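Undergrad: Residue-level listing of the chains:
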Amino acid sequence: MNPTRSSVPWFSRVALILLGVLFLLPFFWMVSTSLKPLNETMKLPPQWLPSSPQWHNYPDAMQAMGPFWLYARNSLLLAFLNVVGTVFSSAFVAYGFSRLDWRGRDGCFFVLLATMMIPFPVVMVPIYGLFRALGWIGTFQPLWVPAFLAGAFNVFLLRQFFLSIPRDLSEAARIDGCSEFRIFWQIILPLAKPALLTVALFQFMATWNDFLGPLIFLARENQYTLALGLQALQGTISGTPWHHLMAASTLVLLPVLVLFFLTQRTFIRGIATTGLK
Amino acid sequence: MTLGERRNLIKGLVFVSPWILGFLAFNLYPLIASIWFSLCDYSVLSEPVFLGAQNYVDLWHDPVFWKALRNTIIFAVVAIPLSTFLSIGLAVLLNQPIAGQGIYRTIFFLPSLVPAISLAILWQWMLNGPMGLVNNLIRPFLNIINAVTGSHLQAPDWLNDPNFALWGLILTGLWGTGQAVVIYLAGLQEVPEELYEAAELDGTNAWQRFLHITLPMLSPVIFFNVLMSIIGALQTFAVPYILTGGGDGPGRSLLFLATYIYQNAFDYWNMGYASALALCLFVLIIGLSLVTVHYGEKKVHYSDR
Amino acid sequence: MAKVLIENLYKIYPAEKGRPEKVAVDNANFEIQDREFMVLVGPSGCGKTTTLRMVAGLEEISRGAIYIDGKKINEIPPKDRDIAMVFQNYALYPHMSVYRNMAFGLELRGVPKEIIRKRVDSAARTLGLLEPDNLLERKPKALSGGQRQRVALGRAIVREPKAFLFDEPLSNLDAKMRVETRTEISRLHRQLASTMIYVTHDQTEAMTMADRIVVMRYGKIQQIAAPLDLYHQPANLFVAGFIGSPPMNFFTGTLTAALQGTLEFVEKVPKGQTPFRCPLSPDTSRRLSSRQDREVILGLRPEHLHPNSLTSGATLQASVEVVEPMGAETFVYLRTGGHTCICRTTQIEFMDLEGKTLNLGPDLSRAVFFDPQTEAAIPA
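Residue numbers (the numbering used here), protein chains in the order written: chain H, -16 to 260; chain F, 4 to 308; chain U, 9 to 388.
Looking at chain H on its own, in the form it has when it is part of the complex:
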């Protein structure tokens, strides 16, 4: 920041503070509601804070969701498989698109970029048919096997990073006696750690947040992810116990927040680079 620039006008400061409060309010409201007794959630005009925080709302909400820990385990398992699958396969593919010269590479890469324009709802019907034919409906496979076939966006991201690694290094390694795979594994991957971490974080979020995939491909309740479990809670209970719904929503959000705060630097940098190409 350049101190010589003219100082910030007062209305900028006020606007920032106001907007900041507005953006935080829903979080506040979520947590506040989650700690209220049911009757206080209904009060008019609303009560900002619970008269006494009802911590037991959280275990109660988990109870109401049914096998909460099973759902959490399912979500974690899927997130783990997706992260591992996408990080390695996308890095592998990105290597082919950035550190090797071969005829047709740029054409293929263009096709890869174009596939980012095909959203899941467009192709979900035949994909469902495909998985059905494989007998995978009602299993976890549809939700993690594709991750091992590289994601276009992640490939794009990693390719940009790989391109920034000097070519000399690969050549030195080649003369040192590395095979192509070893260059990938021992030279490029260790150097790309920040980018790999970014991809891993994005993929974790994407899987943890995914709703449509589990909705379509999972059948039995014991396979539900947290997202589906929470939706079921929303659907099944009558009388809308908002304190429980807010508690459960907070619980689903919590791991994401923790992860974000642990990796904030990488995360923000990752987001920033995705938009700047």
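Hints in this document: simulated from the structure, not taken from any laboratory. Wrong hints could be hidden among the right ones.
Stated by the list, open to error - With a cut-off of at most 30 Å between alpha-carbon atoms, the simulated DSS-like pairs for lysine-lysine come out as follows:
| no. | chain 1 | residue 1 | chain 2 | residue 2 |
| --- | --- | --- | --- | --- |
| 1 | F | LYS302 | U | LYS25 |
| 2 | H | LYS176 | F | LYS14 |
| 3 | U | LYS121 | U | LYS170 |
| 4 | U | LYS149 | U | LYS126 |
| 5 | U | LYS80 | U | LYS30 |
| 6 | F | LYS14 | U | LYS80 |
| 7 | U | LYS87 | F | LYS14 |
| 8 | F | LYS14 | U | LYS25 |
| 9 | F | LYS14 | U | LYS30 |
| 10 | U | LYS147 | H | LYS176 |
| 11 | U | LYS87 | U | LYS30 |
| 12 | U | LYS80 | U | LYS11 |
| 13 | U | LYS228 | U | LYS79 |
| 14 | U | LYS149 | H | LYS176 |
| 15 | F | LYS14 | U | LYS79 |
| 16 | U | LYS25 | U | LYS228 |
| 17 | U | LYS11 | U | LYS79 |
| 18 | F | LYS14 | U | LYS170 |
| 19 | U | LYS149 | U | LYS121 |
| 20 | U | LYS30 | U | LYS228 |
| 21 | U | LYS25 | F | LYS301 |
| 22 | U | LYS126 | U | LYS87 |
| 23 | H | LYS176 | U | LYS121 |
| 24 | U | LYS184 | U | LYS147 |
| 25 | H | LYS176 | U | LYS87 |
Remember, it's a predicted structure, so these values are computed and weren't measured experimentally.
With chain H held as given, fit chains F and U onto it using these hints.
TA: Here is chains F and U on its own, set in the frame of chain H:
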């Protein structure tokens, strides 16, 4: 092709082979199969039966399809400019020498981390007619307006009022716009300080500097983001689906093409019709993207060209 | 210890959209003897690096062949060519310690741990990576440019390869480091007594380090010779101008008949100016007799123009433009006839001569004559 070139080609293909497999299985095959299914009566449970263009004829006469198409387009056309303005505005506000810049950036970014399920349930509560926080914030202002002008404005029952449900969703979307703020802020910080200093010496005011330096320098980022937002907005499904408790809102006001595809495919098992809808959505995405590219490319300023 | 033979070597980049075919290396032929220090030199884009990369196996050979110790290596992958390379940007693995950087190539070849340790230690000692500070456990990021380059040298040394390849290894160092490392490499060459091929665009490096020099331009080899032969008997105008600093002076003129069957060189000057004339010795005249009344280019090194001298009777009057005292010697930039020339002398101080006129005496016994059409030197 020389021996070396052939060797390189094989190496390259080995490395990109996972993607090629994925592309064939999850992009190319589904697109082609969609075309075939859309010409069939197909329920997944039995083999597709060729119908010809019947699904498309039905679609043309299906008022629900038009409703979904209309909602989808309105949502995209309203939400994308709004969130673009909001996020550029926030980024510009943040790109000032203020204390706590990082904290503000985090605050604006956080909502975009919230999983769709939590986000939708939270906003269902926020937008609740009598008890929701949104209305409780609005009411005092409405009361003042009513007192001054003698009108009888009421806070809307957002999600239960066909006229307001879409706006409720847009509001939800605006709260989650933080990712773009971070991207725009990074873009703003890439603009060389000398440009502003030179312009200041040339006697420009802040607004002129924004118009003639900030916007052009930021235009490639804006362009890229808008393109991504279009693709995102057109496939919107989870949040409205959960906001409406697994439905499509009062008077189908929150029915989107993706929702309608889902309903046809997995509620009615009418995969043929769903495929026809999916292709319409695909054409819409390609069309809107091409329009954006066509009008955008001319206005975008690439500093390295 | 190896002999490298390069035979009819071509590198052709085929035409691509918007770019015509490019011949980067055009029929190169030369041999590098065992233990020879061969420098490839030329301006950027002359094909010297491409040639080196073809020897390394990093670039495919379009046509022709490369032999190491009589064995054709065209299709042999780099790792099996038994060569080591030092890169312009060092190309040290940033995530590995100095030790691992040097050991990596040996590890991959399955060399036993103790031997690796011994070789790395000995290379590190030779290169001063142990004293005064032990750098072996540091990461490349924590090293200075000079230290990094020494690690890169070490990485090559421990491999004990048949041939060392250097790709402009000094161009990223500052002037002082460059001179130091230059001597270091020369010393290593003597000590290791191995074949080295060294690419640079800097003629000083080439002159000071090489046993022999290959001068390249536009993909074609201009001349291959020992440094001093190159300096005194350049094969053509390009080599004459490229080698030597400050560069050779050129005078365009005609050979006209003079007394007793000798020839006289008469500079071609704009009307009204006095041409620089110099009578040639009977020997030289005989040699150039076939060129009588034709145009030639006379090349004279700056040190062969003697100020205030009347050695051969010929004088060149020139006005002094700039004087650059270097200490041991002085460069005098002069304007004469239509152009400038440079005189390099150890004789007197010229500080106060700027703007004055000076008489210069050329040492014609050292002059080189060129054919203006072919630009080739007229053979002695």
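Undergrad: Please go over all the hints and tell whether each is borne out by the structure.
TA: Verification of the hints:
1. A hinted pair counts as satisfied when its Cα atoms are at most 30 Å apart, and LYS302(F) with LYS25(U) qualifies at roughly 27 Å.
2. The straight-line distance between the Cα atoms of LYS176(H) and LYS14(F) is roughly 23 Å, inside the 30 Å bound, and the hint therefore holds.
3. The suggested pairing of LYS121(U) with LYS170(U) holds, with an alpha-carbon distance near 22 Å, which does not exceed 30 Å.
4. Restraint check for LYS149(U) and LYS126(U): the C-alpha separation of about 25 Å stays at or below 30 Å, so the hint holds.
5. Restraint check for LYS80(U) and LYS30(U): the C-alpha separation of about 25 Å stays at or below 30 Å, so the hint holds.
6. Restraint check: the Cα-Cα separation between LYS14(F) and LYS80(U) comes to about 24 Å, which is no more than 30 Å; the hinted pair holds.
7. Restraint check for LYS87(U) and LYS14(F): the C-alpha separation of about 17 Å stays at or below 30 Å, so the hint holds.
8. Distance restraint check for LYS14(F) and LYS25(U): the Cα-Cα separation of roughly 24 Å lies within the 30 Å cut-off, and the hinted pair is therefore satisfied.
9. This hinted pair checks out: LYS14(F) and LYS30(U) have alpha carbons roughly 26 Å apart, not beyond 30 Å.
10. Restraint check for LYS147(U) and LYS176(H): the C-alpha separation of about 16 Å stays at or below 30 Å, so the hint holds.
11. With a C-alpha separation of about 28 Å, the suggested pair LYS87(U) and LYS30(U) falls inside the 30 Å cut-off, and the hint holds.
12. Of the supplied pair hints, the one linking LYS80(U) and LYS11(U) holds, its CA atoms being roughly 12 Å apart against a limit of 30 Å.
13. Taking the CA atoms of LYS228(U) and LYS79(U), the gap is about 24 Å. The hint holds against a cut of 30 Å.
14. The straight-line distance between the Cα atoms of LYS149(U) and LYS176(H) is roughly 17 Å, inside the 30 Å bound, and the hint therefore holds.
15. Our distance criterion of 30 Å between C-alpha atoms is met by LYS14(F) and LYS79(U), whose separation comes to about 27 Å.
16. Between the alpha carbons of LYS25(U) and LYS228(U) the distance comes to roughly 25 Å, so the proposed pair stays at or under 30 Å and holds.
17. For the suggested pair LYS11(U) and LYS79(U), the alpha carbons sit about 10 Å apart, so the restraint of at most 30 Å is met.
18. Pair hint LYS14(F) plus LYS170(U) holds up; C-alpha atoms about 29 Å apart against a cutoff of 30 Å.
19. Restraint check for LYS149(U) and LYS121(U): satisfied, since their Cα atoms lie roughly 25 Å apart, inside the 30 Å limit.
20. The straight-line distance between the Cα atoms of LYS30(U) and LYS228(U) is roughly 13 Å, inside the 30 Å bound, and the hint therefore holds.
21. At roughly 25 Å between alpha-carbon atoms, LYS25(U) and LYS301(F) fall within 30 Å of each other, so this suggested pair holds.
22. In summary, the hint linking LYS126(U) to LYS87(U) is supported, as the alpha carbons are separated by about 22 Å, within the 30 Å threshold.
23. For the suggested pair LYS176(H) and LYS121(U), the alpha carbons sit about 28 Å apart, so the restraint of at most 30 Å is met.
24. As the CA atoms of LYS184(U) and LYS147(U) are separated by approximately 24 Å, the hinted pair is consistent with the 30 Å bound.
25. Straight-line distance between C-alpha atoms of LYS176(H) and LYS87(U) comes to about 27 Å, which keeps the hinted pair within the 30 Å bound.
Consistency note: the structure conflicts with none of the earlier hints.
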